[in-house]
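Peer 1: Chain by chain, the residues:
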Amino acid sequence: MIDRLNEFFFPKQVSTFASDIDNLFYFIFYSSVALMAVVVIGMVIFSIKYRFKKGDKVRLTSSKDHDNILESLFFIIPLILVSITFVWGIRSYLKMIIVPDDAIEIKVTGQSWFWTFDYPEGGTSLNELVVPSNTPIKILLSSKDVLHSFFIPVMRTKMDALPNRYNIMWFEAQEEGVYDIFCTEYCGTAHSQMAAKVIVMKPKQYEEWVKELGSGDDDLPLDELGEKLYTKKACNTCHTLDGSDLVGPSYLETSRMWGQTRNFEDGSSAVIDENYIRKSILEPQSQIVAGYQGVMPTYQGLLSDRELDALIAFLKSLNENRN
Amino acid sequence: MSENQNINYLNHPKGIMSWLLTLDHKRIGLMYLFSGIIFFLIGGLLALGMRLELAAPGNDFVSNDTYNSMYTLHGAIMIFLFIIPAIPGALGNILLPLMVGAKDVAFPRLNLASFYIYSFGALFAIYTIVNGGVDTGWTFYTPYSTQSTSNVVPMTLGIFIIGFSSILTGLNFIATVHKMRVPGLTWYKLPLFVWALYGTSLVQITATPVLAITMVLLILERFLGIGIFDPALGGDPVLYQHFFWFYSHPAVYIMILPAFGIISEIIPVHSRKKVWGYKFIAYSTLSIAFIGFLVWGHHMFTSGQSVFSQIVFSFITYFVGIPTGVKIFSWILTMYKGQVSFTTPMIYALSFLFLFTIGGLTGIFLGAVALDIHLHDTYFVVAHFHYVMQGGTIIAFLAGLHHWWPKSFGKMYNQKIASLCALGVFIGFNGTFFPQFLLGLRGMPRRYATYSDQFSELHTYSTFWSTILGLSIFIAILNLMWSLRKSNKLNPGSNPWGALTMEWTHTSSPPHPHNFESDPVFTNGPYDYDKVIVEPTLKK
Numbered sequence: 001m002i003d004r005l006n007e008f009f010f011p012k013q014v015s016t017f018a019s020d021i022d023n024l025f026y027f028i029f030y031s032s033v034a035l036m037a038v039v040v041i042g043m044v045i046f047s048i049k050y051r052f053k054k055g056d057k058v059r060l061t062s063s064k065d066h067d068n069i070l071e072s073l074f075f076i077i078p079l080i081l082v083s084i085t086f087v088w089g090i091r092s093y094l095k096m097i098i099v100p101d102d103a104i105e106i107k108v109t110g111q112s113w114f115w116t117f118d119y120p121e122g123g124t125s126l127n128e129l130v131v132p133s134n135t136p137i138k139i140l141l142s143s144k145d146v147l148h149s150f151f152i153p154v155m156r157t158k159m160d161a162l163p164n165r166y167n168i169m170w171f172e173a174q175e176e177g178v179y180d181i182f183c184t185e186y187c188g189t190a191h192s193q194m195a196a197k198v199i200v201m202k203p204k205q206y207e208e209w210v211k212e213l214g215s216g217d218d219d220l221p222l223d224e225l226g227e228k229l230y231t232k233k234a235c236n237t238c239h240t241l242d243g244s245d246l247v248g249p250s251y252l253e254t255s256r257m258w259g260q261t262r263n264f265e266d267g268s269s270a271v272i273d274e275n276y277i278r279k280s281i282l283e284p285q286s287q288i289v290a291g292y293q294g295v296m297p298t299y300q301g302l303l304s305d306r307e308l309d310a311l312i313a314f315l316k317s318l319n320e321n322r323n
Numbered sequence: 001m002s003e004n005q006n007i008n009y010l011n012h013p014k015g016i017m018s019w020l021l022t023l024d025h026k027r028i029g030l031m032y033l034f035s036g037i038i039f040f041l042i043g044g045l046l047a048l049g050m051r052l053e054l055a056a057p058g059n060d061f062v063s064n065d066t067y068n069s070m071y072t073l074h075g076a077i078m079i080f081l082f083i084i085p086a087i088p089g090a091l092g093n094i095l096l097p098l099m100v101g102a103k104d105v106a107f108p109r110l111n112l113a114s115f116y117i118y119s120f121g122a123l124f125a126i127y128t129i130v131n132g133g134v135d136t137g138w139t140f141y142t143p144y145s146t147q148s149t150s151n152v153v154p155m156t157l158g159i160f161i162i163g164f165s166s167i168l169t170g171l172n173f174i175a176t177v178h179k180m181r182v183p184g185l186t187w188y189k190l191p192l193f194v195w196a197l198y199g200t201s202l203v204q205i206t207a208t209p210v211l212a213i214t215m216v217l218l219i220l221e222r223f224l225g226i227g228i229f230d231p232a233l234g235g236d237p238v239l240y241q242h243f244f245w246f247y248s249h250p251a252v253y254i255m256i257l258p259a260f261g262i263i264s265e266i267i268p269v270h271s272r273k274k275v276w277g278y279k280f281i282a283y284s285t286l287s288i289a290f291i292g293f294l295v296w297g298h299h300m301f302t303s304g305q306s307v308f309s310q311i312v313f314s315f316i317t318y319f320v321g322i323p324t325g326v327k328i329f330s331w332i333l334t335m336y337k338g339q340v341s342f343t344t345p346m347i348y349a350l351s352f353l354f355l356f357t358i359g360g361l362t363g364i365f366l367g368a369v370a371l372d373i374h375l376h377d378t379y380f381v382v383a384h385f386h387y388v389m390q391g392g393t394i395i396a397f398l399a400g401l402h403h404w405w406p407k408s409f410g411k412m413y414n415q416k417i418a419s420l421c422a423l424g425v426f427i428g429f430n431g432t433f434f435p436q437f438l439l440g441l442r443g444m445p446r447r448y449a450t451y452s453d454q455f456s457e458l459h460t461y462s463t464f465w466s467t468i469l470g471l472s473i474f475i476a477i478l479n480l481m482w483s484l485r486k487s488n489k490l491n492p493g494s495n496p497w498g499a500l501t502m503e504w505t506h507t508s509s510p511p512h513p514h515n516f517e518s519d520p521v522f523t524n525g526p527y528d529y530d531k532v533i534v535e536p537t538l539k540k
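Residue numbers (my numbering), protein chains in the order written: chain A, 1 to 323; chain B, 1 to 540.
Honestly, the hints are just simulated from the structure, not real lab data.
Please note that the accuracy of each hint is not assured.
For lysine to any residue, the following SDA-like pairs were computed, each having C-alpha atoms within a straight-line distance of at most 25 Å [said to hold, decoys possible]:
{"hint": "1", "chain 1": "A", "residue 1": "Lys107", "chain 2": "A", "residue 2": "Leu140"}
{"hint": "2", "chain 1": "B", "residue 1": "Lys337", "chain 2": "A", "residue 2": "Phe8"}
{"hint": "3", "chain 1": "A", "residue 1": "Lys138", "chain 2": "B", "residue 2": "Lys416"}
{"hint": "4", "chain 1": "A", "residue 1": "Lys12", "chain 2": "A", "residue 2": "Ser92"}
{"hint": "5", "chain 1": "A", "residue 1": "Lys232", "chain 2": "A", "residue 2": "Thr116"}
{"hint": "6", "chain 1": "A", "residue 1": "Lys95", "chain 2": "B", "residue 2": "Ser306"}
{"hint": "7", "chain 1": "B", "residue 1": "Lys416", "chain 2": "A", "residue 2": "Asp56"}
Using the sequences provided together with the hints, build the complete structure.
Peer 2: See the structure below:
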């Protein structure tokens, strides 16, 4: 029953402090329902009992306009309830900000419009935060451009990513799974697509995953690796594969225009070839496609040469696949 | 005498220039009223457009950029061009001098200047709309707002200019309350709407300059790169949030205090009963206005401010909650042993009590730091402030509009249609915004043009009911406008509800151009339903 109720109101409780926060919610919720009931019952009873009935004459009404005992109750009962709420709110908050000493520290960087995760063992992932279960994780948070906010609903925690200062948050996941991460500070065009996932693994799996992170997918064919990178490196936030427009031009459209000339916002143009794609990924501001906004961040340093090759191969393959 | 009865402020003097250059507070009030309603309808259409986009998860109706611009304009227009100027500017202007027995406000020329400053600022907002909008959110958070290529400067300049109108109106009202009261009308005999306007005016003149400074700094930052807020130039974006909320939290009270005033008038009149706890309501208005200055940090619980600040801001936030709660109980107890009529204004007032209580109680959830961290910037917040701003302020505004419409125009609207619309607004509002509490609890962030499938069911409900809400408000306004037609024979008489405040008891409806035909003499307190009987002139 309680679980069903919790499912109705909240996403899963995954972090160690989630149940505490949900209980605080239920405390305020039931207190509010009780106060609301007093308000509604009072309103209904008074307005019906003392209604102006047909045939009634306008008359002088009661001069009663205060009642010390009643009014004290209206002060004292809410005062007790909000005092409990305040103290509970602060106690739980302290649990949420005091980071355990043995926490694994992961650096999280927000950028329009994706998240980068740097692991202590070396290696970086984009839009996929992988963490071991039952281990405290400390997040060192910042932004490369405007404000973002890092929100993991199942962990019940959230923190703004600032460009000029580090913010710290932490959580300990108690259950393996794949969960949502949202950006909750408005950051421009693709704010609503700035979604990532947190993947909670068994600690042993995590260790293997981190070890492999640096080594990469050397044995994959280039176009298959490119397909993986397309989502892994968050290209899909702004570029579709089906020809429809998102923030940037669709890969399919670019692929179909292979060898043709593309016009840019500043009036110049270029032929779509491997070098054009490479430059578009590394220096996106240098050639903005006509009709689009120049909002793509540079991927300099985020992709190896082989990964660049892979993305180009994947983009080229799109057109052939359709034929 | 019979000739005199036909002369009122609406028909004397005649001609368009007599309106544009009028110094009559009632005419200026009407100009505010109609421009406010136009912006209300524009803001409302934008909201319905947003709900249409959100009916299903993808980009089905508009693009990301268009949606971002729509939600920004919706917020900015509703707050800066409708809610903040409309209630004090329209109802305040029309009623304040009448309620205190004065011929006009203290500075009639300044009053007209306020209106033109407001109109001038509004032109910038209109320019922003036709020039492609602005996409920063009504909060204009830096550094996004210093980098955005949309119309940030015209919109913030417009807000800067409108701020002066707020300040001058506030100044005018304060002087009027202090200096223009009719002899015998002491502070404790003032109608509570006057107390509310007084509290609002105090906040307007003290808080608005901070907003003006913030907007100027933002504009300077964009033009000159002075580096106050943009970290690329050595500034601090969190400083901007402090500046912004130092105004914008008190601005919440600029928006809600006049609503409290309206409700404090309507419930006693339509219950024919002395208001419960007069002094408490009056003083809590002032104390809420004051404490409102000390809680801005609760908008920044996830910004990374110090733990000590978090605790202090959470603590003080609850000090606003308690007096507000006691006010709600006072309004309910006002009906005790009264004669309650379910007129249109009363239906709105009762739905105000229901909706505003939900709005207030959900504020308690958000004031608890640990819970706010989860709910911050989600739909829970969106639902909460709509329950306060629309369920509270706008419902009270509609209540006031229906209550004082016969006073302002001497014509009665179709009450059946009006009451049906009031019910439609109540049902449509709950249908639209109640699902949004759940969306927020389940983790749906605000300001999203698209969303993941898990949220689609609740969004669809919300969109469905928003059409009922929009339609009800639209018909309600149409019904009021329709009552102004020449052939309308529904005559409410000078005091349709049998009220005891001076605007009803001492002058005709609509009032004489100079408010009162002869110097008014203060006779009875505003809520003396236990001492005086005045028969309502409206036939049942």
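Peer 1: For every hint, state whether the structure bears it out.
Peer 2: Hint by hint, here is what the structure shows:
A threshold of 25 Å between alpha carbons decides the hint, and for Lys107 of chain A with Leu140 of chain A the separation of about 5 Å falls inside it, so the pair holds. Note on Lys337 of chain B and Phe8 of chain A: the hinted pairing is violated, with a Cα-Cα distance of about 42 Å set against a maximum of 25 Å. Distance check on the hinted pair: Lys138 of chain A and Lys416 of chain B sit about 61 Å apart at the alpha-carbon level, beyond 25 Å; violated. In summary, the hint linking Lys12 of chain A to Ser92 of chain A is supported, as the alpha carbons are separated by about 18 Å, within the 25 Å threshold.
For the hint linking Lys232 of chain A to Thr116 of chain A, the alpha-carbon distance of about 10 Å falls within 25 Å, and the restraint holds. Taken as a hint, the Lys95 of chain A and Ser306 of chain B pair is honoured in the structure, with Cα atoms around 15 Å apart against an allowance of 25 Å. About 21 Å separates the Cα atoms of Lys416 of chain B and Asp56 of chain A, which keeps this hinted pair within 25 Å; it holds.
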